[in-house]
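S.K.: Please put together the full structure from these sequences, using the hints given.
Just so we're aligned, residue 2 is where the sequence shown starts under the numbering used here, counting upward by one.
It is worth saying that the hints were derived from the structure and are not from the lab. Certain hints may be false.
Stated by the list, open to error - Label pairs and their computed distance ranges (CB to CB):
#  : residue 1 : residue 2 : range
1  : Asn-169   : Asp-65    : 13 to 23 Å
2  : Glu-125   : Ala-45    : 35 to 45 Å
3  : Ser-85    : Thr-188   : 16 to 26 Å
4  : Thr-173   : Glu-71    : 33 to 43 Å
5  : Leu-61    : Val-225   : 19 to 29 Å
6  : Arg-153   : Glu-71    : 35 to 45 Å
7  : Val-225   : Ala-68    : 29 to 39 Å
8  : Trp-229   : Thr-168   : 13 to 23 Å
9  : Gly-139   : Pro-218   : 23 to 33 Å
10 : Arg-88    : Asp-6     : 40 to 50 Å
To be verified - Cut-off 20 Å, straight-line C-alpha distance, at most; resulting in silico cross-link-like pairs (EDC-like, lysine to aspartate or glutamate):
#  : residue 1 : residue 2
11 : Lys-184   : Glu-154
12 : Lys-184   : Glu-222
13 : Lys-184   : Glu-143
14 : Lys-184   : Glu-125
Note that the Cβ used here is the ideal one computed from N, Cα and C, for glycine as well.
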Amino acid sequence: MPTHDVDAVLVAGATGGTGREVLRRAGPRVDTVRALTRSPGATADLRAAGADEVAVDDLLDPSDLAAAVEGVDAVISAVGSTTSAVRSGPPFVDGAGNRALLDAAVDAGVDAFVMESAIGVGPEPASPLASAFGAFIGPLQEAKADAEAAIREAPIRHTILRPGVLTNGRRTGLVTTAEPGAKLWGTVSRADVAWLMTAAPTTEGAADRTFEVVSTPRFPERGVDVNWTLPR
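M.R.: Structure representation (structure tokens):
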């Protein structure tokens, strides 16, 4: 697949803030945008948000993920648990859910897998903010780390984004993307993260890489130079 050529994508976690922003970004540039939700009642809302198709399945108890990923060039996973999920315990969609989706994507021959993770996931040196994430939502961070490891080992092109504290609001375009261990800290809008996730499958410099992502503060001296390119 040429790096600019994505005809169909599956957006998992489409009812969440980042997922909805991905629908918004991908809709005008990708022929078919399929949203994945576990709630049949969300279908009309997701279509109104920009999805051309809606697949209904539960990543923690899947029935037919093969149908959800059939015919797509890229899977963009913005799934994630709320902090309250820590009390109920595993399995978490951050880990087991992402792995189930990854397995289905690999079996279907999907070209690219993009995952929204979080700052502080993984063994690299972390900022105090990232360390705080681990202290407060350690089980979720561990689940994300497990999914990250599975993605890196899988025979599929991948991009993993580890954003700081997510905020609502417009895309700024003023984002630092850095290698793991850059010790970034701060905030970033879901719109900025969604833009990067949409561009990842068609950005040559994003292939098989993991990035920390923040916008405030920017830390330009710690960033890496990637020519992010949206599908066209």
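S.K.: Against the earlier hints, flag every one the structure doesn't satisfy and list their numbers going up.
M.R.: 1, 5, 6, 11
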